[in-house]
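In terms of this note's numbering, the sequence shown opens at residue 169 and continues consecutively.
Each hint should be verified, as a subset may be incorrect.
As the list claims (entries may be wrong) - Using 27 Å as the maximum straight-line C-alpha spacing, the simulated BS3-like pairs for lysine-lysine come out as follows: (1) Lys218 x Lys248; (2) Lys218 x Lys314; (3) Lys332 x Lys248; (4) Lys204 x Lys218; (5) Lys314 x Lys248; (6) Lys314 x Lys339; (7) Lys218 x Lys252; (8) Lys332 x Lys204; (9) Lys339 x Lys218; (10) Lys332 x Lys314.
Calculated from the structure, these hints are not laboratory results.
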Amino acid sequence: VEDVEPIPRDLAHIRAQFAAMQPVQGAHPYLEAERKIPAAVLADPRFAGKIYTDRHGNAVFPHHDRQGLCGFELRNTRFKGFAKGGQKGLWFSAHHPDDHSLVITESAIESLSYHALHRPEATRYFSIAGEMNPMQRQLLESAFLKLSPGASILLATNNDAGGKHLAEQIKAIALATGRADLALLDSHPEREGADWNDTLRADGLRPAPAADRPQKLVLRR
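Work out the full structure: start from the sequences and follow the hints.
Shown next, in the form of structure tokens:
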């Protein structure tokens with residue numbers, strides 16, 4: 169098996185590209201028309217400065233690591249990618265000192281969809297953009313250690329084999345922190361193979377079925 173050459177990181181180029189992008193301020197044609205994200209969610213202060221658009225009209229979701237911006241996801245009707253020369257960190261919503269819950273999804277669009285469907289209070293969001301890399305594991309561990317006492321972590325991954333595997337990985341990271349006060353909650357969609365945006369597009373903003381509501385996965389000890 170041939171060695172795969174790593175893609176070199178070019179943070180200066182990534183940051184220069186991102187500097188030319190504009191924050192979404194309550195409207196984005198692709199996110200609203202194709203992904204059915206309500207304009208009210210896009211305008212929610214929880215997501216202010218966390219969703220951008222580029223000159224091509226792509227939805228852009230910035231990722232950060234400990235040093236700041238490290239890359240960004242790009243999404244549109246016929247395009248899905250990650251910034252060349254960047255590296256996945258975490259996309260995250262705004263956070264507040266009184267937050268008591270953290271929802272983790274596989275993509276930023278799924279975080280927006282989850283918020284549209286559930287509208288939880290005092291809740292922040294993270295997304296990973298697919299499979300986790302070692303840096304993302306470290307970032308999650310650091311974030312879990314900083315959560316407020318008695319906080320809940322909601323594993324809102326896809327209802328498929330990959331999503332269940334990712335949920336188990338996140339669960340292991342949380343348990344390894346030794347935070348006995350944290351509650352881990354399973355909150356995947358009801359339908360097999362679905363993610364939270366599939367659920368939003370199929371069901372609209374109807375109340376979530378009981379099976380889609382968070383279920384305790386690991387009890388506080």
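Against the structure, the hints:
no. : hint            : result
1   : Lys218 x Lys248 : holds, 18 Å
2   : Lys218 x Lys314 : holds, 21 Å
3   : Lys332 x Lys248 : holds, 22 Å
4   : Lys204 x Lys218 : holds, 18 Å
5   : Lys314 x Lys248 : violated, 32 Å
6   : Lys314 x Lys339 : holds, 16 Å
7   : Lys218 x Lys252 : holds, 20 Å
8   : Lys332 x Lys204 : holds, 25 Å
9   : Lys339 x Lys218 : holds, 26 Å
10  : Lys332 x Lys314 : holds, 25 Å
Comparing the model with each earlier hint shows a violation of hint 5 alone; every other hint is respected.
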